[in-house]
Amino acid sequence: MIRLTDLHVTFNRGTAMETRALRGVTLNIKKGDFVSVIGGNGAGKSTVLNALCGDVFPERGTISIDDQDVTILPSWQRAPFVARVFQDPMAGTCANLTIEENMALAMKRGRKRTFKMALNKEHREKFRSQLSRLKLGLENRLHDPIGLLSGGQRQAVSLIMAVLEPMKIIALDEHTAALDPKTAAFILDLTREIVDENQLTALMVTHSMHQALELGNRTVMLDEGRVIFDVRDEERKGLTVPDLLDLFHKKSGVELDDDSMLLS
Amino acid sequence: MNLIQFMGALEIGFIYGLVAIAVLLSFRILDFPDLTVDGSLPLGAAVCAILIVSGVDPWMATGCAILAGMMAGFTTAWISVRWNILHLLASILTMTALYSINLRIMGRPNIALLGEKTIFTPLENLSSLENISYLRHYILPLATFVIAGFVLLLIYRFLSSEKGLAMRATGANSRMAKAQGIAVNRQILFGISLSNGLVALAGAIYAQYAGFADVTSGVGTIVVGLAAVIVGEAIFNPKVILMALIACILGSIFYHLAIAVALNVSFLGLQAQDLKLVTAVIVGLAMVTPKLRAKILDFKASRGQA
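If you're matching them up, the sequences are chains D and E in order. Under the numbering used here, the residue at position 264 of the first sequence is numbered 264, and the numbers go up by one with no gaps. Under the numbering used here, the residue at position 14 of the second sequence is numbered 1014, and the numbers go up by one with no gaps.
It is worth saying that the hints were derived from the structure and are not from the lab. Certain hints may be false.
Said to hold, decoys possible - Derived lysine to aspartate or glutamate pairs resembling EDC-like cross-links, with alpha carbons at most 20 Å apart:
#1 D:121 <-> E:1162
#2 E:1239 <-> D:100
#3 E:1239 <-> D:144
#4 E:1163 <-> D:165
#5 E:1163 <-> D:122
#6 D:168 <-> D:196
#7 D:31 <-> D:69
#8 D:168 <-> D:66
#9 D:126 <-> E:1162
#10 D:116 <-> E:1162
Using the sequences and the hints, build the whole thing.
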């Protein structure tokens, strides 16, 4: 169980640029939940994810993972619990390291690193079999710098890297937003497969209502730093994008005019 | 250029190859431009020399020099990561402080090691045997080659380990490194210490090779190290880490040969005092070459299409 309790985050406190990104967000994520978080620009959805990952620290509220309080742990100390896929394909991998070196790094996420060789035959075998499921031919390119891969290929490898090690939750930060529609669909399918077969707990931030309903078993909508609705399982089944817009209108009292949310 | 000058360039090239590897670690791998090396090279020389003239075993003295260099590097990295000071400024602070510290360590601006027992003494004894005196020209380059090769393999082994990979990720993408649970600040502390330990080792070896330690010998070390790295990259265009390390050593040799040639070709009329100018020109050329090459390729490609 992951508990985000009454999170408050303010950026640029005390300046003219002061922004209250989160104003009391509470979210309890059960083991096996796949939560999609949706909201317009500035709603606070990325801030929730960054707070969970330890990139942003709340001035009020707590974060706990399986009853361990991690509120003040820096991101590198949360790595044993949280695996992460970034929005920017460049951010989740090291461009000038090879595919296998990137995977070797991820294989030790949050664990002690030793003076042992980072790569051996056994690792390469494992990486090859993991990569072959993508059917992108990457299993034959272990020695290529990962920077040579396209954005979609890098996101696919990032997903595989994320699940090399067990975790409490996988955090997906608009991980298809930088991709073309066809590639995005491929990455989305891969996400569903990987989350299902490993029975992961997941938090996916997205700007696409369609995507939010398509994946997972629970959808949370944020507006102005607050949770405005939270639907799951039975209640969520059969919901369509217009239903969501309707819900949003009812709860927040404003018409939604965010193009990025309406169009996708 | 005669044989002695050629061999001399090789010897210096191998010794400064260590500096080049150190600069590769800081500049390229950790993305931490570190000018401490201008102070840690004479620091290594100073510590080693004062210990040797006090009667300490030369290997022991060399080991102490490495430790001293690591402490200097640690200081720079600590100032930078703990107090969030720009790496260049932090390293300039340490470098400046080291000038005084080196004078304090030696007690005077230079120490002669002529006649003292150094790590090269057994080799000199060997080559002064009458029947193999010709070996003298080859034995020192060989010894420096062995040292550089040994260090190269050690660093390569380290960079291929889980810890070494963490260090490379730190410089390449610190955000990703953190997400993988790597304590990036510790990596910088350790990496910059290691880098300066290597530079101090080069200083200690150079002092024993040249027969003196001088407090001003560090001036421009960073440029010479960077020159070797950049020349190596321009010539070999390394893609993997082992090649990058080898390119450092070869770049260092190539650079020292180029200097020797430039100062020896009489029609250029260059003299010893022109050394730094020649250095700057060579580094400049090496930095421009890859861009020029790309431009020419672009030009050819555009013509090919037309």
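Comparing the hints with the structure gives:
{"no.": "1", "hint": "D:121 <-> E:1162", "in the structure": "holds, 15 Å"}
{"no.": "2", "hint": "E:1239 <-> D:100", "in the structure": "holds, 15 Å"}
{"no.": "3", "hint": "E:1239 <-> D:144", "in the structure": "holds, 9 Å"}
{"no.": "4", "hint": "E:1163 <-> D:165", "in the structure": "holds, 17 Å"}
{"no.": "5", "hint": "E:1163 <-> D:122", "in the structure": "holds, 19 Å"}
{"no.": "6", "hint": "D:168 <-> D:196", "in the structure": "holds, 14 Å"}
{"no.": "7", "hint": "D:31 <-> D:69", "in the structure": "holds, 17 Å"}
{"no.": "8", "hint": "D:168 <-> D:66", "in the structure": "holds, 8 Å"}
{"no.": "9", "hint": "D:126 <-> E:1162", "in the structure": "holds, 17 Å"}
{"no.": "10", "hint": "D:116 <-> E:1162", "in the structure": "holds, 6 Å"}
Checked against the numbered hints above, the structure violates none of them.
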